[in-house]
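Asks: Keeping the supplied structure of chain F fixed, place chains X and P upon it in accordance with the hints.
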Amino acid sequence: MLQKVHIRLAENRVNTSVAVDRRIPKIFTPGEIISEQKEFMRGHGTYEQDDYLKASVAGVKEQVNKLISIRPLKSRYNGEIGDVVVGRITEVQQKRWKVDTNSRLDSVLLLSSVNLPGGELRRRSAEDEHMMRQYLQEGDLISAEVQNVFADGSLSLHTRSLKYGKLSQGVLLKVFPSLIKRSKTHFHNLPVGASIILGNNGFIWICPIISNEEDNVGGFVQNLEEVVPRPDREAIGRLRNCILALAQSKMMLFDTSILYAYEESLKYTVADLLIPEAMVDVAILTQHRLNIAENS
Amino acid sequence: MELETDIVAHAFGSARLRLANTDVLVAVKIEVEVPFPEQPDEGKIEFFVDCSANATPDFEGRGGEELAMEIANSLAGAYKSTQAFDLSSLCIMKGRKCWKLLVDILILECGGNLYDAVSIAVKAALWNTRIPKVLSVHLDGNKVEMDVSDNVHDCEKLDVARAPIMVTISKIGDHCVVDPSSAEEQCSTASVVVAVSQKRFTTILQSSSGALHPTTLMDCLKMGCEVATQLDMALLQILMKTPSQKDIGFLL
Amino acid sequence: MSRKELISEIGLRLDGRRAHELRRIRCKLGVFTQPDGSAYLEQGLTKVLAAVYGPHQVRGNRTKAQHDSAIVNCQFSMAVFSTTDRKKRPRGDRKSTEMSIHLRQALLAAIKVELYPWSQIDVYVEVLHADGGVYPACVNAATLALIDAGIPLKEYVCACTASLANNDVPMVDISHQEEIIGGPTLTVAALPMSGKVVLMEMSQRFHLDHLPKVLDKALQGCKDIKTILDEAVRRHVEDVGSSSGWGNTSEKART
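Chains as they are written, first to last, in UniProt numbering: chain F, 1 to 296; chain X, 1 to 252; chain P, 1 to 255.
Bound conformation, chain F alone (with noise of 0.2 Å):
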């Protein structure tokens, strides 16, 4: 058996900072001035008082006409409708699941916001809120989508779509949700070999490709029997160790920068891609390719 250790003093601590120089936009700090509130609208993160319009987290002003909101840099999860997220159920309650979203309030689930085996016009009877928990039970994963956002805050999800449903196989990883970037898709079948969803909520789900046209019984069943080869599980685990290192440099995560830390990590085995020099390595790469790419 071959095995490498490693133990470093702390003072050989690698600097995960991949910042490039560019222009930084005017940061605001709790309780800083931002205007004189009369000709604005107050948004999220900003608050009035005395006459003025200011700030309550730190971050950066955006602005929407006369809206002006302050988006922290990091925070729990804030669902908008339309949103993919990938959830944990945790508890079975009547006619609704409730999902662990990294929401500030779980959400929930409700039985009429799924698609049931047998067609999607199919009435919901009694028998189906005994058999919930056949469908899913507590510590499954799903992934779904935002459907409605209550006025506490809460999210209502749904999986009214083939793409949604329970997850089978495959890995979860957990990273901050600011780092998502918001695209039209969140699906991305990777040509490596794995498929990737990039939940809003900061949950992603690595899983070998998925082909769409068996999977057409509404997404409750789990194949836990097939044996995932070891190739494809090797891209697995490479995505993985790709997607820390992007995120312990705080850098976006998107199917391209996660496509380009892929490519630049392959010069590293996938045990190799969790000692930090390679990850930062990997996330300095991946930042240049990415300017490269944007500057032309």
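These aren't lab readings, by the way, just hints derived from the structure by calculation.
As the structure is a prediction and not an experimental result, all values here were calculated from the model.
Certain hints may be false.
[Claimed, not checked] Which chain F residues face chain P? A few, computed with CB under 8 Å, are given here:
{"#": "1", "residue": "Ile27"}
{"#": "2", "residue": "Ala58"}
{"#": "3", "residue": "Leu73"}
{"#": "4", "residue": "Ser75"}
{"#": "5", "residue": "Arg76"}
[Stated by the list, open to error] Calculated cross-link-like contacts (lysine-lysine; reagent style DSBU-like; alpha-carbon spacing at most 35 Å):
{"#": "6", "chain 1": "P", "residue 1": "Lys154", "chain 2": "F", "residue 2": "Lys181"}
{"#": "7", "chain 1": "P", "residue 1": "Lys28", "chain 2": "X", "residue 2": "Lys157"}
{"#": "8", "chain 1": "X", "residue 1": "Lys241", "chain 2": "P", "residue 2": "Lys28"}
{"#": "9", "chain 1": "P", "residue 1": "Lys87", "chain 2": "X", "residue 2": "Lys44"}
{"#": "10", "chain 1": "P", "residue 1": "Lys196", "chain 2": "F", "residue 2": "Lys26"}
{"#": "11", "chain 1": "P", "residue 1": "Lys95", "chain 2": "X", "residue 2": "Lys97"}
{"#": "12", "chain 1": "P", "residue 1": "Lys154", "chain 2": "P", "residue 2": "Lys223"}
{"#": "13", "chain 1": "X", "residue 1": "Lys44", "chain 2": "P", "residue 2": "Lys95"}
{"#": "14", "chain 1": "P", "residue 1": "Lys112", "chain 2": "F", "residue 2": "Lys174"}
{"#": "15", "chain 1": "X", "residue 1": "Lys80", "chain 2": "P", "residue 2": "Lys88"}
{"#": "16", "chain 1": "X", "residue 1": "Lys94", "chain 2": "X", "residue 2": "Lys44"}
{"#": "17", "chain 1": "F", "residue 1": "Lys66", "chain 2": "P", "residue 2": "Lys196"}
{"#": "18", "chain 1": "P", "residue 1": "Lys196", "chain 2": "F", "residue 2": "Lys38"}
{"#": "19", "chain 1": "F", "residue 1": "Lys267", "chain 2": "X", "residue 2": "Lys241"}
{"#": "20", "chain 1": "X", "residue 1": "Lys97", "chain 2": "X", "residue 2": "Lys199"}
{"#": "21", "chain 1": "P", "residue 1": "Lys112", "chain 2": "F", "residue 2": "Lys66"}
{"#": "22", "chain 1": "X", "residue 1": "Lys157", "chain 2": "X", "residue 2": "Lys133"}
{"#": "23", "chain 1": "P", "residue 1": "Lys87", "chain 2": "X", "residue 2": "Lys94"}
{"#": "24", "chain 1": "P", "residue 1": "Lys88", "chain 2": "X", "residue 2": "Lys133"}
{"#": "25", "chain 1": "F", "residue 1": "Lys166", "chain 2": "P", "residue 2": "Lys64"}
{"#": "26", "chain 1": "F", "residue 1": "Lys184", "chain 2": "F", "residue 2": "Lys163"}
{"#": "27", "chain 1": "X", "residue 1": "Lys80", "chain 2": "P", "residue 2": "Lys87"}
{"#": "28", "chain 1": "F", "residue 1": "Lys38", "chain 2": "P", "residue 2": "Lys112"}
{"#": "29", "chain 1": "P", "residue 1": "Lys223", "chain 2": "F", "residue 2": "Lys38"}
{"#": "30", "chain 1": "F", "residue 1": "Lys66", "chain 2": "P", "residue 2": "Lys154"}
{"#": "31", "chain 1": "X", "residue 1": "Lys241", "chain 2": "P", "residue 2": "Lys87"}
{"#": "32", "chain 1": "X", "residue 1": "Lys44", "chain 2": "X", "residue 2": "Lys241"}
Backbone N, C-alpha and C define an ideal beta-carbon position, used for all residues, glycine too.
Replies: Okay, now just chains X and P, sitting in the frame of chain F:
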């Protein structure tokens, strides 16, 4: 894995270890005490583990005490053997006075594989520990008077070459893995913690529910032993590199 | 007075500071990855770690949840090796409980709890090394951790100690050594921008006439601390922001 020694100024020895997402701080304090009547020529060593609520909210209040006790007891068990750690060097005067090592372990963040991280940090902290030199001891009636060197730098180091290292082996599916992450720990069907000192086991502890077949168990033990030896070598190597007196802590 | 003088004739304190000078403050945000927000703060030799979890669903006793605001839960603990003589227990003793309550009181004044109904925010502070001014260090570290977690605050909440030396000169940021030698200690937690005092605690006595100037000194200390913390926050935000290319923030901000 990242190690730093000598970061708590109040303590006689200290170390901080960061293993992926696990963060452990260990400080060693010493006191003068009367040895146990059964072992008049040995010192004492005591472990205290504190799971900070910083690690997970589950540790709030008394939540972490059970885990803390478990780790402390297994450490105490591992260090009990005279083969592993020689307490007789801690004796000042037979039957009268001895040093007592108080090893305080603070768990700051918990990302799996606590036992291993704790044992490595403890070993590093003990390595870092300096015991003041006792110049002379004499009996004055019933009272022991001792003369401790005033010079701060005039002190002795502990011999920790044989101090045990603990390795956790978890069984996941059909395979056994070392250094499980917290996710892997949850998936494992059974796990074994072994404390190894110089290729000899001092304690074996089966943690978490689940059963192991005897042959698997033996395989696990063999694996643990090998890994521990490698870990031990790597640790001693890094400890030998005298670190500069630069205060880093959490700032970098 | 038999007591040793806290300030020498040339106006220097025991550790060489002048009366209005703070000890060196060093801090870092985001030291851990598991909590939603974390911070480490050194004030002189006092070292404190703070972690914030939440806002999240109320755990355990659900009846505690409030429909119009979040509940703030604080826990103060001191590592057993943080003081010169070893402590018996890291938490649960009277002093820690009192500290937890005071900490909660100070933070409640700043956190905009009304934004988070039915939720809970956990703040945990751990003292690694105590050398005077433990409470202020905890408040300052907790503020940083809250900012790191992106929790809306009305403004920074900072705390500072002040004392009266030689029965005449107010001085700021008392170290452990100065605490022992004696003299009254006034601990103030304040919202430095609006100048409001959210917590004031005083031990021993001095004449009421002296209070305004000592309080002034402490508030000035809070303001100075706020400036230091603000700088650290800005540096942190800049660093993280430029790594992520200012992420989801609007394109306009970048150009």
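Asks: A separate judgement is required for each hint: does it hold in the structure or not?
Replies: Here's how the hints hold up against the structure:
1. At a threshold of 8 Å, the smallest CB-CB gap from Ile27/F to chain P is about 5 Å, leaving the interface hint in force.
2. Here the hint on Ala58/F is kept, as its CB sits about 5 Å from the closest CB of chain P, short of 8 Å.
3. Taken as an interface hint, Leu73/F checks out: its beta carbon lies about 5 Å from the nearest beta carbon of chain P, inside 8 Å.
4. A least Cβ separation of about 3 Å between Ser75/F and chain P falls short of the 8 Å threshold, and the interface hint therefore holds.
5. With a cut of 8 Å, the hint placing Arg76/F at the interface with chain P holds, because the nearest CB-to-CB distance is about 6 Å.
6. The hinted pair formed by Lys154/P and Lys181/F meets the criterion: a straight-line CA distance of about 29 Å does not exceed 35 Å.
7. For the hint pairing Lys28/P with Lys157/X, the CA-to-CA distance comes to about 34 Å; that is within 35 Å, so the pair holds.
8. Taken as a hint, the Lys241/X and Lys28/P pair is honoured in the structure, with Cα atoms around 28 Å apart against an allowance of 35 Å.
9. Taken as a hint, the Lys87/P and Lys44/X pair is honoured in the structure, with Cα atoms around 18 Å apart against an allowance of 35 Å.
10. Straight-line distance between C-alpha atoms of Lys196/P and Lys26/F comes to about 27 Å, which keeps the hinted pair within the 35 Å bound.
11. The hinted pair formed by Lys95/P and Lys97/X meets the criterion: a straight-line CA distance of about 33 Å does not exceed 35 Å.
12. About 15 Å separates the Cα atoms of Lys154/P and Lys223/P, which keeps this hinted pair within 35 Å; it holds.
13. The hinted pair formed by Lys44/X and Lys95/P meets the criterion: a straight-line CA distance of about 30 Å does not exceed 35 Å.
14. The suggested pairing of Lys112/P with Lys174/F holds, with an alpha-carbon distance near 27 Å, which does not exceed 35 Å.
15. Taking the CA atoms of Lys80/X and Lys88/P, the gap is about 23 Å. The hint holds against a cut of 35 Å.
16. With a C-alpha separation of about 13 Å, the suggested pair Lys94/X and Lys44/X falls inside the 35 Å cut-off, and the hint holds.
17. Restraint check for Lys66/F and Lys196/P: satisfied, since their Cα atoms lie roughly 31 Å apart, inside the 35 Å limit.
18. A distance of roughly 25 Å separates the Cα atoms of Lys196/P and Lys38/F; the hinted pair therefore holds under the 35 Å criterion.
19. In summary, the hint linking Lys267/F to Lys241/X is supported, as the alpha carbons are separated by about 30 Å, within the 35 Å threshold.
20. For a cut-off of 35 Å, the pair hint linking Lys97/X to Lys199/X stands: about 33 Å separates their Cα positions.
21. Proximity of Lys112/P to Lys66/F is assessed by CA-CA distance (about 23 Å); at most 35 Å being required, the pair is judged to hold.
22. About 10 Å separates the Cα atoms of Lys157/X and Lys133/X, which keeps this hinted pair within 35 Å; it holds.
23. For the suggested pair Lys87/P and Lys94/X, the alpha carbons sit about 28 Å apart, so the restraint of at most 35 Å is met.
24. Straight-line distance between C-alpha atoms of Lys88/P and Lys133/X comes to about 27 Å, which keeps the hinted pair within the 35 Å bound.
25. Simply put, Lys166/F and Lys64/P have alpha-carbon atoms about 33 Å apart, close enough for the 35 Å limit, and the pair holds.
26. Our distance criterion of 35 Å between C-alpha atoms is met by Lys184/F and Lys163/F, whose separation comes to about 14 Å.
27. Between Lys80/X and Lys87/P the CA atoms are separated by roughly 24 Å; this keeps the pair inside 35 Å, and the hint holds.
28. Using a Cα cut-off of 35 Å, the hinted pair Lys38/F and Lys112/P holds, with the two alpha carbons roughly 22 Å apart.
29. Restraint check for Lys223/P and Lys38/F: the C-alpha separation of about 28 Å stays at or below 35 Å, so the hint holds.
30. Between Lys66/F and Lys154/P, the direct Cα distance comes to roughly 22 Å. Compliance with the 35 Å bound is thereby established for this hinted pair.
31. Between Lys241/X and Lys87/P, the direct Cα distance comes to roughly 33 Å. Compliance with the 35 Å bound is thereby established for this hinted pair.
32. Proximity of Lys44/X to Lys241/X is assessed by CA-CA distance (about 29 Å); at most 35 Å being required, the pair is judged to hold.
The structure meets every hint from the earlier list without exception.
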